[in-house]
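Number of protein chains: 2
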Amino acid sequence: MKDERVLLAHGSGGLMSQRLIDEVFKKAWSNEILDNMLDGAVMEVPSGRMAMSTDSFVITPLFFPGGDIGKLAICGTVNDLVACGARPLYLSVAFIIEEGLAMDQLRSIVKSMAETAEEAGIKLITGDTKVVEKGSADRVFINTTGIGFIPEGIDFRPGRIEPGDKIIVTGQVGDHGLAILSQREGLSFTTPALSDCAPLYQLGEIVNKYGNSIKCMRDPTRGGLATVLNEIAGQAQIGVRVQEADIPVSLVVRGACDMLGMDPLYMANEGKMVIFAAADAAEGILADLQSLPQTADAAVIGEATSEPEGMVLITTELGARRILGMLEGEHVPRIC
Amino acid sequence: MKDERVLLAHGSGGLMSQRLIDEVFKKAWSNEILDNMLDGAVMEVPSGRMAMSTDSFVITPLFFPGGDIGKLAICGTVNDLVACGARPLYLSVAFIIEEGLAMDQLRSIVKSMAETAEEAGIKLITGDTKVVEKGSADRVFINTTGIGFIPEGIDFRPGRIEPGDKIIVTGQVGDHGLAILSQREGLSFTTPALSDCAPLYQLGEIVNKYGNSIKCMRDPTRGGLATVLNEIAGQAQIGVRVQEADIPVSLVVRGACDMLGMDPLYMANEGKMVIFAAADAAEGILADLQSLPQTADAAVIGEATSEPEGMVLITTELGARRILGMLEGEHVPRIC
Numbered sequence: 001m002k003d004e005r006v007l008l009a010h011g012s013g014g015l016m017s018q019r020l021i022d023e024v025f026k027k028a029w030s031n032e033i034l035d036n037m038l039d040g041a042v043m044e045v046p047s048g049r050m051a052m053s054t055d056s057f058v059i060t061p062l063f064f065p066g067g068d069i070g071k072l073a074i075c076g077t078v079n080d081l082v083a084c085g086a087r088p089l090y091l092s093v094a095f096i097i098e099e100g101l102a103m104d105q106l107r108s109i110v111k112s113m114a115e116t117a118e119e120a121g122i123k124l125i126t127g128d129t130k131v132v133e134k135g136s137a138d139r140v141f142i143n144t145t146g147i148g149f150i151p152e153g154i155d156f157r158p159g160r161i162e163p164g165d166k167i168i169v170t171g172q173v174g175d176h177g178l179a180i181l182s183q184r185e186g187l188s189f190t191t192p193a194l195s196d197c198a199p200l201y202q203l204g205e206i207v208n209k210y211g212n213s214i215k216c217m218r219d220p221t222r223g224g225l226a227t228v229l230n231e232i233a234g235q236a237q238i239g240v241r242v243q244e245a246d247i248p249v250s251l252v253v254r255g256a257c258d259m260l261g262m263d264p265l266y267m268a269n270e271g272k273m274v275i276f277a278a279a280d281a282a283e284g285i286l287a288d289l290q291s292l293p294q295t296a297d298a299a300v301i302g303e304a305t306s307e308p309e310g311m312v313l314i315t316t317e318l319g320a321r322r323i324l325g326m327l328e329g330e331h332v333p334r335i336c
Numbered sequence: 001m002k003d004e005r006v007l008l009a010h011g012s013g014g015l016m017s018q019r020l021i022d023e024v025f026k027k028a029w030s031n032e033i034l035d036n037m038l039d040g041a042v043m044e045v046p047s048g049r050m051a052m053s054t055d056s057f058v059i060t061p062l063f064f065p066g067g068d069i070g071k072l073a074i075c076g077t078v079n080d081l082v083a084c085g086a087r088p089l090y091l092s093v094a095f096i097i098e099e100g101l102a103m104d105q106l107r108s109i110v111k112s113m114a115e116t117a118e119e120a121g122i123k124l125i126t127g128d129t130k131v132v133e134k135g136s137a138d139r140v141f142i143n144t145t146g147i148g149f150i151p152e153g154i155d156f157r158p159g160r161i162e163p164g165d166k167i168i169v170t171g172q173v174g175d176h177g178l179a180i181l182s183q184r185e186g187l188s189f190t191t192p193a194l195s196d197c198a199p200l201y202q203l204g205e206i207v208n209k210y211g212n213s214i215k216c217m218r219d220p221t222r223g224g225l226a227t228v229l230n231e232i233a234g235q236a237q238i239g240v241r242v243q244e245a246d247i248p249v250s251l252v253v254r255g256a257c258d259m260l261g262m263d264p265l266y267m268a269n270e271g272k273m274v275i276f277a278a279a280d281a282a283e284g285i286l287a288d289l290q291s292l293p294q295t296a297d298a299a300v301i302g303e304a305t306s307e308p309e310g311m312v313l314i315t316t317e318l319g320a321r322r323i324l325g326m327l328e329g330e331h332v333p334r335i336c
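For the record, the sequence lines run as chains A and B.
Residue numbers for the first sequence follow the working numbering, so the first one is 1 and each next one is one higher.
Residue numbers for the second sequence follow the working numbering, so the first one is 1 and each next one is one higher.
Bear in mind the hints are in silico, worked out from the structure with no lab data behind them.
Errors might be hidden in some of the hints.
Label-pair distances were calculated between CB atoms; the ranges are [said to hold, decoys possible]:
{"#": "1", "chain 1": "B", "residue 1": "A279", "chain 2": "A", "residue 2": "P46", "range": "34 to 40 Å"}
{"#": "2", "chain 1": "B", "residue 1": "S188", "chain 2": "A", "residue 2": "F63", "range": "35 to 41 Å"}
{"#": "3", "chain 1": "B", "residue 1": "D35", "chain 2": "A", "residue 2": "S47", "range": "21 to 27 Å"}
{"#": "4", "chain 1": "A", "residue 1": "A102", "chain 2": "B", "residue 2": "G211", "range": "43 to 49 Å"}
{"#": "5", "chain 1": "B", "residue 1": "T316", "chain 2": "A", "residue 2": "D22", "range": "28 to 34 Å"}
{"#": "6", "chain 1": "B", "residue 1": "P308", "chain 2": "A", "residue 2": "L292", "range": "54 to 60 Å"}
{"#": "7", "chain 1": "B", "residue 1": "G211", "chain 2": "A", "residue 2": "G325", "range": "42 to 48 Å"}
{"#": "8", "chain 1": "B", "residue 1": "R19", "chain 2": "A", "residue 2": "R322", "range": "19 to 25 Å"}
{"#": "9", "chain 1": "A", "residue 1": "G211", "chain 2": "B", "residue 2": "L292", "range": "46 to 52 Å"}
Ideal Cβ placement from N, Cα and C applies to all residues, glycine included.
Please construct the entire structure, taking both the sequences and the accompanying hints into account.
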């Protein structure tokens with residue numbers, strides 16, 4: 001139906017809710033678990049260590065170069081599971097929709113979720129939809145919560161990091177932040193700024209091959225690379241040293257950041273991982289990452305040190321050494 | 001700090017986010033899994049059938065007689081897991097906060113979540129916080145996603161329901177709906193209208209004792225008892241007959257609904273369960289329910305029939321028989 005919109009009654013739990021579920025969600029996501037349509041999903045799981053991660057997505061704009069809120073909502077949670085060393089298996093999806101959202105936009109988001117989940121090999125197994133009055137939310141917010149299983153012997157708690165471990169970033173940083181910012185502010189560049197939004201399921205191969213030689217992984221989303229390095233340094237009680245010249249940044253991000261007075265190291269990423277790895281395995285990991293399309297631009301950017309504990313030091317491109325702190329205040333609101 | 005409020009920077013992923021997590025969430029919810037503060041929670045699980053359920057809570061007002069959005073967010077997901085036959089074990093929690101929310105209100109919600117989770121025996125193990133600009137959400141929305149394990153041999157899929165199975169409701173219906181409505185509209189009654197919001201973990205004992213003599217359970221939240229009966233009738237391809245006179249409704253709900261022209265059978269509940277049980281077990285289940293404080297007002301309200309398939313018939317208090325349909329349109333928006 002043209003000009004069809006989401007109405008409050010679509011969130012009533014009654015007949016209209018059922019129609020929305022049947023015609024929009026089930027059509028796109030059908031699988032043997034979801035189709036039972038119970039109060040929750042029921043599935044057989046193996047024993048072992050399970051990872052569970054949750055994220056709400058409130059990004060604006062809903063559609064941006066390189067993705068949309070639906071793709072992002074799958075990638076964000078998949079990547080958090082991957083960062084735990086887990087193989088992502090199942091996702092729940094919960095929508096909060098502002099009354100009046102165009103049904104076509106919702107369908108498009110739902111389709112993009114289906115495609116990304118398929119690519120990542122994860123199943124959407126249960127969901128929830130709430131609709132609030134016009135003005136009580138901004139179009140649509142999505143929560144995804146995922147579970148996955150961690151192979152025997154994998155332990156990515158930062159406490160395992162030791163001085164001398166190498167730090168790898170799996171590609172260029174800052175792309176997602178710039179894509180959102182440029183879309184929002186109407187900036188345009190010769191090379192378009194595309195979000196790096198991607199589900200990093202391919203890292204599963206690296207985890208399987210190198211096991212515990214990988215000490216810790218984390219995806220540098222809100223707060224960017226600098227914030228994640230600080231988090232890990234604090235949790236692992238180690239020092240971190242990185243070389244600015246070794247951190248991959250695309251020309252468009254570099255140029256735009258210079259112009260806007262922003263720092264790519266604090267800009268959000270949605271398809272990158274920071275990996276701490278034992279020194280003797282780092283070269284192999286790097287070579288393998290570079291052979292995978294998702295992580296072809298991977299680079300070693302620094303290493304863990306014994307001191308100063310909890311602190312990140314960066315050697316700038318001009319050779320100066322300075323403290324790289326956590327993000328303070330707000331950088332770009334509603335980036336994810 | 002007095003007059004402290006949630007700021008956009010609390011959702012930045014940087015220093016302010018970390019402070020909010022440390023000072024508000026971790027303080028109230030500390031446990032050995034949450035305290036790891038990784039991108040996701042990691043825990044050992046047994047093999048078997050797992051249930052997973054998600055719900056977002058957008059209720060207004062945030063605080064109401066008998067509960068608040070925090071208590072509700074725990075009860076809602078716990079009860080969905082119970083309805084799957086599962087023992088609730090772990091919950092993720094995701095907040096979407098409107099900039100400017102009073103920090104005291106957030107603390108109070110977080111405290112009430114901690115208390116309800118403790119009562120229900122479920123652990124809050126991972127979370128997420130987003131903050132959006134003033135006007136982009138209505139104070140606070142909460143998503144909870146829960147997982148639990150289903151004991152060997154339990155199967156609550158509606159397909160197991162047979163003609164002759166008895167239908168039990170575990171207490172008076174309509175209390176939550178009326179509590180919210182009266183608070184919102186400033187109505188007051190001689191007996192105050194209290195929400196029935198409660199985590200129904202005690203039903204675990206009934207599930208363990210009666211096993212597969214219980215055919216199906218579902219909690220009648222949005223859309224009320226009438227909608228849930230219709231859902232089950234449709235999914236099980238059976239008929240449902242209930243006697244209005246046997247459905248427990250408190251005097252205050254009955255009186256208020258008469259006055260407001262509303263039907264308690266469509267009003268939301270947040271601490272009730274509808275149970276379909278084999279006829280030969282129904283009496284025992286009822287007696288056991290009545291001996292538990294949470295379900296003391298349980299009653300048999302009708303039974304499953306072979307026809308008319310997918311339809312709910314009600315014998316009214318005056319003896320007339322009519323079709324009890326699903327909720328159409330919107331009854332009370334933002335009830336949960």
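Cross-check of the supplied hints:
no. : hint                        : verdict
1   : B:A279 / A:P46: 34 to 40 Å  : holds (38 Å)
2   : B:S188 / A:F63: 35 to 41 Å  : violated (47 Å)
3   : B:D35 / A:S47: 21 to 27 Å   : holds (24 Å)
4   : A:A102 / B:G211: 43 to 49 Å : holds (48 Å)
5   : B:T316 / A:D22: 28 to 34 Å  : holds (31 Å)
6   : B:P308 / A:L292: 54 to 60 Å : holds (58 Å)
7   : B:G211 / A:G325: 42 to 48 Å : violated (58 Å)
8   : B:R19 / A:R322: 19 to 25 Å  : holds (23 Å)
9   : A:G211 / B:L292: 46 to 52 Å : holds (49 Å)
The structure is inconsistent with the numbered hints 2, 7, although it conforms to all the rest.
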